[in-house]
Amino acid sequence: MWQNTMKINQNSSPPTPLHKGNVQNQLNQPNKKSKRKKKYTVHGLSGFPNLLMNILLGSFALMCIFPFLYVIIISLTDEKTLARNGYQILPEIWSFEAYRYLWQMKDQLLQSYTITIVVTVLGTVFSVAMIALFAYAISRKQFKYRGFFTFIAFFTMLFSGGLIPFYIVATQFLHLRNSIWALILPLAMNAFYILIMRTFFQRSVPESILESARIDGASELRIFAKIVVPLSLPGLATIALFSTLGYWNDWFNALLFIDEPNLVPLQSMLMKIENNIEFLRQNSLAGGAQNDLLSAIPQDAAKMAMVVISTLPIAIAYPFFQKYFVSGLTIGGVKE
Amino acid sequence: MIVLLFSLTTLLAACGGGKSANTSGSGKADKNKPYEIMWYTIGTPQKDVDKVMEEVNKYTKEKINATVKLKQIDWGDYDQKMQLMISSGESFDIAYTGGGNYVLNAQKGAFKDLNELLDTHGKELKATLDPAFIEGAKIDGKLYGIPSNKEVGQQSVYVFNKNLVDKYKMDISSISSLEDLEPLLKTVKENEPDFTPLATFKPYLPFDYILEDELPFAIPLEGNKNKVVNIFESDIMMETLKTMHKFYKAGYIKADAATSTDPWPLEVQNWFLRKEMYQPYAELIWSRSAGYDVAVQPMHDPITFNNSVTGAIQAISATSKNPEKAMEFLNLLNTDPYLRNLIDRGIEGVHYEEDANGKINDLPARVESYNMPTYSLGNHFILKLYENDPEDKWEAFKKFNDASVEAPTLGFYFDTNPVRTEIAAISNVASEFAPALLTGSVDPEVYLPKANKKFKDAGLDKVLKEIQKQYDEWKKNN
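Chains as they are written, first to last, in our numbering: chain H, 2 to 337; chain D, 966 to 1443.
Don't take every hint at face value.
[To be verified] Listed next, the in silico EDC-like pairs over lysine to aspartate or glutamate satisfying Cα-Cα at most 20 Å (straight line):
#, chain 1, residue 1, chain 2, residue 2
1, D, Lys-1012, H, Asp-260
2, D, Lys-1349, D, Asp-1320
3, D, Lys-1046, H, Glu-261
4, H, Lys-81, D, Glu-1289
5, D, Lys-1214, D, Glu-1410
6, H, Lys-107, D, Glu-1333
7, D, Lys-1167, H, Asp-108
8, D, Lys-1034, H, Glu-261
9, D, Lys-1240, D, Asp-1221
10, D, Lys-1046, H, Glu-275
11, D, Lys-1418, D, Asp-1159
12, D, Lys-1240, H, Glu-221
13, H, Lys-81, D, Asp-1258
14, D, Lys-1046, H, Glu-98
15, D, Lys-1046, H, Glu-80
16, D, Lys-1167, D, Asp-1266
17, D, Lys-1219, H, Asp-301
18, D, Lys-1240, D, Asp-1320
19, H, Lys-107, D, Asp-1013
20, H, Lys-145, H, Glu-221
21, D, Lys-1016, H, Asp-260
22, D, Lys-1167, D, Glu-1179
23, D, Lys-1036, H, Glu-261
24, D, Lys-1023, D, Asp-1301
25, H, Lys-81, D, Glu-1157
26, D, Lys-1190, D, Asp-1178
27, D, Lys-1034, H, Asp-260
28, H, Lys-81, D, Glu-1232
29, D, Lys-1016, H, Glu-261
30, D, Lys-1091, D, Glu-1081
31, D, Lys-1419, D, Glu-1179
32, D, Lys-1219, H, Glu-80
33, D, Lys-1036, H, Asp-260
34, H, Lys-81, D, Asp-1221
35, D, Lys-1012, H, Asp-108
36, H, Lys-81, D, Asp-1159
37, D, Lys-1012, H, Glu-261
38, D, Lys-1192, D, Glu-1177
Note that these hints are calculated values from the structure, not bench results. Quick caveat: nothing in here was measured; it's all calculated off a predicted structure.
Isolated chain H (complex conformation) (with noise of 0.2 Å):
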């Protein structure tokens, strides 16, 4: 449930072309500085197809957002009601229970919080610069390998290594094993996302801009500073909003090189309970065993409060990388 609402979340965010164009309108019509539409404007619809409109999106937009109210719910829900009733959307005795046991084990979530949010926050730094860098080099026409590594890029979206190699190579080449680093490496370079902000860099950051100022005397880092950087602003905003889910609910790094459990992330220790307790279910161990053990983990409204505290910061967080999509392409810009 939990990929699915972050998938949503993902899927929502292609409204950004929409306030391209909007924006850029704006631009190419200067003079009309009216900030209120009338109800003729082109971009509407009128009447009916307008409503039928409206009611198509805002159902689909329950769709999405329906699943996490239902975990909310669930979370408010009594335990025993949970294991007599089933889930319900009206539960018989609601219940708080759930986040009293999240308080219970608040060391343990804290930390888990520290590391996911420390990760999410270096990983996107780290990556954004990386990934800019990287797309920078190759998006212009006078650096003369760009060809070959615009392929090595490209290279690694159509072959990997797989699985195995890949964890030979951050254990035993780079001793990442039980280190922060291993949440953050691995998922700092993305083919993909390099060649979109290569794409981004061709078009919307225009030679002559660079030329004038290469003819002011400034060097290329500052070119790249100084006025690329905040020309891009809303494709590296993009790239940095990817990067951010993508830390965010990285679970499988962690699995793969984390036992230390303080360097466990938020997302990971959600899948551990999860995995214990299908383990449990289907590995019948003799006598008491398997019930002391499950009792041990949190029960399902627990589980469901777990998704709702490590969602919720994500989900806030999103606005502010929304304003960016919007004010980033209004400042400057050539006329050709």
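Add chain D to chain H, keeping to what the hints say.
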């Protein structure tokens, strides 16, 4: 998506196998420096492991000039992580393993053959183990790991909610088959709307399974014990499933039984009957963790299966730099009460306290930060008893082991390599049909023939033939 990822990774992991460097003999350069034994075991990592290991190391340094580093890997992650470590040839000394994984990895050459080591460095250990364990865990005559000395057989039992049994004055001692249960379930269904009569389980079938429970190849425990059959074609399967389906239609089983992942926690009193694996005095443990009484009625006599003897094994890795030391440690662990109790129960005074009679009680620290799974850590018979354990617990275990009957395939491990693709296809079919059929959710008269047709298409006959061939060969040699 997760499922996809996992299946992909296990696939990859399976492909990368067979690469394990044999580096024994090296690494013994410095005789005086204690060797650090790297030991992986299953279970949620506990906070106090390092603290306990410090105590362990003091003791083992003195006894065998070695120290131990114990690493726990979470229940759900263990198999995959172990698979990765084995495939990538990582060096470690001892690892917990069990069941199908033990067989697979041993056949791949990931574990060290212990036949000789057990004689040279583990004499005491060999003497304490029930011979059925050693014989049963041998693959092609070679022992690849040390089974935990505990109950040797498997016995499925019906567990009843005693409150209801008493309330309606039911006689459960006469129950011997699924049909006998019907009047009881009916009473519960009619009078107790808050209870589901039958906590979802798959019925017991008298088969000795060659691979996993749901894969259709098995040797019948009753009748001709020389022939491998498809369990879904047997009469007993048809009968049992018909009964299950009758129960399902009568509403004794939950409507979503086939797909539900509900673990039916014992503490919630919403069930009347369930199926569990028995070990002596398990009813006491169950009653304790449930908070009310349960009653037990066995479905069959205890049977020693491959699965039950390989249920918990400590294997020595083929990548171990010092297998002799690892064996010495396993020997000590399984024969020395002090060490075994230390690793299992924790430090006396910190994790448990002992009373005048030698019985122990957990202190809060054990429950919170050293809650170790007993079954995976070694010999049970030298463990200290809890205050509320019956005095004769281990004697009862011994009696149980003596009474346990050997299954026909005990010690026979099928080499799946020649028919790997067929087995993969068959296990797909099994996961499609088995949950619905075995929980009684669908009519067996309709779906059993359908399943059997699909099994046939997936290459069942070829697999049966291969199993039969290997089984006959094995029988000749044993």
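Do the hints match the structure? See the list:
1. D:Lys-1012 to H:Asp-260: Answer holds: D:Lys-1012 to H:Asp-260 is near 12 Å, not above 20 Å.
2. D:Lys-1349 to D:Asp-1320: holds, 11 Å
3. D:Lys-1046 to H:Glu-261: With a Cα-Cα distance of about 14 Å, the restraint between D:Lys-1046 and H:Glu-261 holds, given a limit of 20 Å.
4. H:Lys-81 to D:Glu-1289: violated, 52 Å
5. D:Lys-1214 to D:Glu-1410: holds, 14 Å
6. H:Lys-107 to D:Glu-1333: Holds. H:Lys-107 to D:Glu-1333 sits at ~14 Å (cutoff 20 Å).
7. D:Lys-1167 to H:Asp-108: Answer violated: D:Lys-1167 to H:Asp-108 is near 40 Å, above 20 Å.
8. D:Lys-1034 to H:Glu-261: holds, 13 Å
9. D:Lys-1240 to D:Asp-1221: holds, 18 Å
10. D:Lys-1046 to H:Glu-275: holds, 16 Å
11. D:Lys-1418 to D:Asp-1159: Violated: D:Lys-1418 and D:Asp-1159 sit about 40 Å apart, past 20 Å.
12. D:Lys-1240 to H:Glu-221: violated, 72 Å
13. H:Lys-81 to D:Asp-1258: It holds: about 19 Å lies between the C-alpha atoms, which stays within 20 Å.
14. D:Lys-1046 to H:Glu-98: The hint is violated at about 34 Å.
15. D:Lys-1046 to H:Glu-80: Status violated; Cα separation ~32 Å.
16. D:Lys-1167 to D:Asp-1266: Status holds; Cα separation ~18 Å.
17. D:Lys-1219 to H:Asp-301: Holds. D:Lys-1219 to H:Asp-301 sits at ~18 Å (cutoff 20 Å).
18. D:Lys-1240 to D:Asp-1320: Since the Cα atoms of D:Lys-1240 and D:Asp-1320 sit roughly 35 Å apart, the hinted pair is violated (cutoff 20 Å).
19. H:Lys-107 to D:Asp-1013: With Cα atoms ~18 Å apart, H:Lys-107 and D:Asp-1013 stay inside 20 Å; holds.
20. H:Lys-145 to H:Glu-221: holds, 15 Å
21. D:Lys-1016 to H:Asp-260: At roughly 17 Å apart (the allowed maximum being 20 Å), H:Asp-260 and D:Lys-1016 satisfy the hint.
22. D:Lys-1167 to D:Glu-1179: holds, 10 Å
23. D:Lys-1036 to H:Glu-261: holds, 9 Å
24. D:Lys-1023 to D:Asp-1301: holds, 15 Å
25. H:Lys-81 to D:Glu-1157: OK: H:Lys-81 and D:Glu-1157 at ~17 Å, within 20 Å.
26. D:Lys-1190 to D:Asp-1178: holds, 18 Å
27. D:Lys-1034 to H:Asp-260: holds, 13 Å
28. H:Lys-81 to D:Glu-1232: OK: H:Lys-81 and D:Glu-1232 at ~9 Å, within 20 Å.
29. D:Lys-1016 to H:Glu-261: holds, 15 Å
30. D:Lys-1091 to D:Glu-1081: Given pair D:Lys-1091, D:Glu-1081 holds - Cα atoms ~11 Å apart, limit 20 Å.
31. D:Lys-1419 to D:Glu-1179: holds, 15 Å
32. D:Lys-1219 to H:Glu-80: holds, 19 Å
33. D:Lys-1036 to H:Asp-260: holds, 8 Å
34. H:Lys-81 to D:Asp-1221: Since the Cα atoms of H:Lys-81 and D:Asp-1221 sit roughly 18 Å apart, the hinted pair holds (cutoff 20 Å).
35. D:Lys-1012 to H:Asp-108: holds, 12 Å
36. H:Lys-81 to D:Asp-1159: Between H:Lys-81 and D:Asp-1159 the Cα gap is close to 12 Å, so the pair holds against 20 Å.
37. D:Lys-1012 to H:Glu-261: Status holds; Cα separation ~10 Å.
38. D:Lys-1192 to D:Glu-1177: holds, 18 Å
In this structure, the hints that do not hold are numbers 4, 7, 11, 12, 14, 15, 18, in rising order.
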